[in-house]
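Colleague: All chains, full assembly: derive it from the sequences and hints.
Protein sequence lines, in the order shown, are assigned to chains A and B.
Numbering of the first sequence is given in my numbering, commencing with residue 195 and proceeding in unit increments.
Numbering of the second sequence is given in my numbering, commencing with residue 4 and proceeding in unit increments.
Derived from the structure by calculation, the hints contain no laboratory data.
Don't take every hint at face value.
[Unchecked claim] Derived lysine to aspartate or glutamate pairs resembling EDC-like cross-links, with alpha carbons at most 16 Å apart:
1) LYS296(A) x GLU66(B)
2) LYS296(A) x ASP62(B)
3) LYS224(A) x ASP70(B)
4) LYS103(B) x ASP45(B)
[As the list claims (entries may be wrong)] Below, a sample of chain A positions facing chain B; criterion: calculated Cβ distance under 7 Å:
5) TYR201
6) VAL226
7) PRO229
8) ALA248
9) GLY329
[Unchecked claim] Covered by chain A, per the in silico footprint, the following chain B stretches (three or more residues, Cβ under 8 Å):
10) 38-48
11) 143-154
Positions of the beta carbon are idealized from the N, C-alpha and C atoms, including for glycine.
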Amino acid sequence: MGRYLRYLVPLGIFAVLVAFLFRGLSLDPKLVPSPLVGKPMPAFTLTRLDNPNATISDADLKGKVSLLNIWATWCASCRAEHDVLLQLAETGEVAIYGLNYKDNRADAQRWLRQLGDPYEANAFDEDGRVGIDWGVYGAPETFVIDSQGIIRHKHIGPLTTEVVKTQLLPLITELKS
Amino acid sequence: MKRLFSALLVVSLLLGAAPASATSTLEAFKFASEAEELHFKDLIAEIRCLVCQNQSLADSDAELAHDLRAEVYDMVQAGRSDAEIIDFLVNRYGDFVLYKPPLKPTTWFIWFGPFVLLAIAAFLLVRALRRQRQAPATEISAEERKRLDALLGKTAVDDEDNNP
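Modeller: Shown next, in the form of structure tokens:
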């Protein structure tokens, strides 16, 4: 037994190493878990995208399950997920709010006119300060917020019909009940 | 000669360009003193940019890095402590923004793992050395001694002398 052990121990260590490295192959380092999940959403008050004289704040998102989608017209993946947001808005399952992040107001308004508007309302975060409070490091990002205003989930990257079906809708249904 | 000259030119260009590119991402922040400027630079060198993850906040030219540098600069100017600024960033972006991970149960492995491995290696080394020392020197037969001498090029005469 002792004779085999000196070969088995290195082999065992090697196997563990391989297991870890193999797992690492399928992890995306771009997906950094947000420390905000499980915490109350950061407070904000911004002007509305459609009206510089009206404001929108975190209080507007409370009292129902809602999404906060961070987007911008300079963001190509946001264009890719826009149709998914339109479909989700059509189901009426959840109130979708937008945070228009470091964008140009006229461009963003035109984008919604041309492509359709899935949002209840949009906050206009021109200098990205609210984005920093929310830990945004790249658009698009989507937060799921419960009726108490607690962040329940953060999706990084563009939403797809697959993500909506397997992750968002089950969570939204659960939060509503 | 011409080739040597152009090689030198390339090297001098590279040497000249490197420091310039390292500082070009820094905005023209104003500082009251040089110590304050150094403090700010040390601070942002310890923070990871989440967009280009292998660059610090000091090195990155990403849009977010510009914004966060401005944010950190404002906080430093407002007299906030390093711990407060680090807290601000960790609360928003998680421990991942720190190049130096905090000491807590989930990071014990990365902090102490290398020392544990070193201790195991030292233990095995000492044990192997001790065993080697304790092992008795093996005797060789007259036949083997003869062959060994032949291999080492000793003459047969010597051999005769040594063997009574």
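Colleague: All hints, please: hold or fail.
Modeller: Results for each hint:
no.: 1; hint: LYS296(A) x GLU66(B); result: holds, 10 Å
no.: 2; hint: LYS296(A) x ASP62(B); result: violated, 22 Å
no.: 3; hint: LYS224(A) x ASP70(B); result: violated, 19 Å
no.: 4; hint: LYS103(B) x ASP45(B); result: holds, 13 Å
no.: 5; hint: TYR201; result: violated, 15 Å
no.: 6; hint: VAL226; result: holds, 5 Å
no.: 7; hint: PRO229; result: holds, 4 Å
no.: 8; hint: ALA248; result: violated, 25 Å
no.: 9; hint: GLY329; result: holds, 4 Å
no.: 10; hint: 38-48; result: violated (count 0)
no.: 11; hint: 143-154; result: violated (count 0)
The structure shown violates the earlier hints numbered 2, 3, 5, 8, 10 and 11.
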